[in-house]
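Q: Each chain is listed here by its residues.
There are 2 protein chains.
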Amino acid sequence: MMELTRKGEYAIRGIIYLAQQPPGRVSLISEIAAAAEVPQTFLAKIFQSFAKLGLVTSSRGTGGGFVLARPASAITLREVVEAVEGPILPNRCLLGSACDRGGPCRVHAVWKQVQTEVVHILDGVTIDTLARNPES
Amino acid sequence: MMELTRKGEYAIRGIIYLAQQPPGRVSLISEIAAAAEVPQTFLAKIFQSFAKLGLVTSSRGTGGGFVLARPASAITLREVVEAVEGPILPNRCLLGSACDRGGPCRVHAVWKQVQTEVVHILDGVTIDTLARNPES
DNA sequence: ATAAAAGGGATCAAATTGGTCCTAAAGGTG
DNA sequence: CACCTTTAGGACCAATTTGATCCCTTTTAT
Numbered sequence: 077m078m079e080l081t082r083k084g085e086y087a088i089r090g091i092i093y094l095a096q097q098p099p100g101r102v103s104l105i106s107e108i109a110a111a112a113e114v115p116q117t118f119l120a121k122i123f124q125s126f127a128k129l130g131l132v133t134s135s136r137g138t139g140g141g142f143v144l145a146r147p148a149s150a151i152t153l154r155e156v157v158e159a160v161e162g163p164i165l166p167n168r169c170l171l172g173s174a175c176d177r178g179g180p181c182r183v184h185a186v187w188k189q190v191q192t193e194v195v196h197i198l199d200g201v202t203i204d205t206l207a208r209n210p211e212s
Numbered sequence: 077m078m079e080l081t082r083k084g085e086y087a088i089r090g091i092i093y094l095a096q097q098p099p100g101r102v103s104l105i106s107e108i109a110a111a112a113e114v115p116q117t118f119l120a121k122i123f124q125s126f127a128k129l130g131l132v133t134s135s136r137g138t139g140g141g142f143v144l145a146r147p148a149s150a151i152t153l154r155e156v157v158e159a160v161e162g163p164i165l166p167n168r169c170l171l172g173s174a175c176d177r178g179g180p181c182r183v184h185a186v187w188k189q190v191q192t193e194v195v196h197i198l199d200g201v202t203i204d205t206l207a208r209n210p211e212s
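First to last, the sequence lines map onto chains L and V. With positions in the first sequence counted from 1, the corresponding number in this note's numbering is that position plus 76. With positions in the second sequence counted from 1, the corresponding number in this note's numbering is that position plus 76.
Simulated from the structure, these hints should not be mistaken for lab results. Heads up, a few of these hints could be off.
Because identical chains share one entry, a pair is satisfied inside a single copy or across any pair of copies.
Said to hold, decoys possible - The calculated EDC-like cross-link candidates involving lysine to aspartate or glutamate, where the alpha carbons are at most 20 Å apart (straight line), are: (1) K121 / E161; (2) K188 / E158; (3) K188 / E161; (4) K188 / E85; (5) K188 / E79; (6) K188 / D199; (7) K128 / E193; (8) K121 / D199; (9) K121 / E155; (10) K121 / D204; (11) K128 / E155; (12) K188 / E155; (13) K188 / D204; (14) K188 / E113.
Please construct the entire structure, taking both the sequences and the accompanying hints into account.
A: Okay, here's the thing in structure tokens:
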């Protein structure tokens, strides 16, 4: 239960690679895909999402590619994950106020707590931290 | 991300209904399905899982049906959810020790933390608590 | 102009989800 | 015993989601 999809994993691997490059260095999607060992066309879609959300800036044409739009220390794991997987949402009932007939369902408060806790953990991890992590 | 499936929701609704019955009272799957507003054949599969895991006891034939195998206060939300959705596992890499080439991946510790926290929350909620919850 | 990149849409196969159906097995009752 | 009731278990199926690929367009540097 609650599994991250491939897309989420690829997204993390890809942005970590970007964060490991010298600041300002432009990376091609082909380069990132090769380094992160991710299918290139799939990763391209992921980076499109990143660009739309302002996590990375992209430029086209010769010399184009991707750069982090902010310092890696200002990009959280939560942003990256939510960029491709959508919001952290243990249960649909957290969207509207009325999940059951009329009021909140019996488990509503529990899911809310799970959501809050997970969001808190992921907000506390920056891509910079992951990129510098000695492991792997 | 991290959404509970219908199966999980149905499982919770079904077992809450059982917990609301007088202790020892046998309920038919048809009765539970109607009360919980869940497709009966689908719920039957869910209760088969419950029975295998010892959350409920089942009996066949006339007068048969389902009863909680333990007091509702001794059944946790985690058990119910994991019975039908499998273990709380934010990332596959939490299964084996080596997720990346060789060692644990960079985000390993974060997923571990998410898992631990979610498990802790769900372990802290019993079906009894949910069944007595005034909401809904 | 031309080549090099990302942007975006259409498409597609595989896996998962959500569910049904049918037959078997087990347990009561006349 | 025969018969009815109820769960067990397997096969099956449609819809959705996931995990991609392909192709064409747009932008930009040379």
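Q: Are the hints correct? Go through all of them and say.
A: These are the hints, each one checked on the structure:
1. K121 / E161: Result: close within a single copy only, 13 Å intra versus 29 Å inter.
2. K188 / E158: Classified as both: same-chain Cα gap 17 Å, cross-chain 18 Å, threshold 20 Å.
3. K188 / E161: For K188 and E161, the Cα distance is within 20 Å both inside one copy (18 Å) and across copies (19 Å).
4. K188 / E85: Between copies, since 15 Å is at most 20 Å while 25 Å is not.
5. K188 / E79: Both ways: K188 and E79 sit 18 Å apart in one copy and 12 Å across, limit 20 Å.
6. K188 / D199: Intra 16 Å, inter 15 Å, cutoff 20 Å: intra and inter.
7. K128 / E193: For K128 and E193, neither the intra-copy (27 Å) nor the inter-copy (32 Å) Cα distance is at most 20 Å.
8. K121 / D199: neither (24 Å within a copy, 38 Å between copies)
9. K121 / E155: within (16 Å within a copy, 38 Å between copies)
10. K121 / D204: neither (23 Å within a copy, 46 Å between copies)
11. K128 / E155: within (12 Å within a copy, 40 Å between copies)
12. K188 / E155: Both, since 19 Å and 19 Å are each at most 20 Å.
13. K188 / D204: between (28 Å within a copy, 19 Å between copies)
14. K188 / E113: neither (35 Å within a copy, 23 Å between copies)
Violation of the numbered hints given earlier is confined to hints 7, 8, 10 and 14; the remaining hints are satisfied by the structure.
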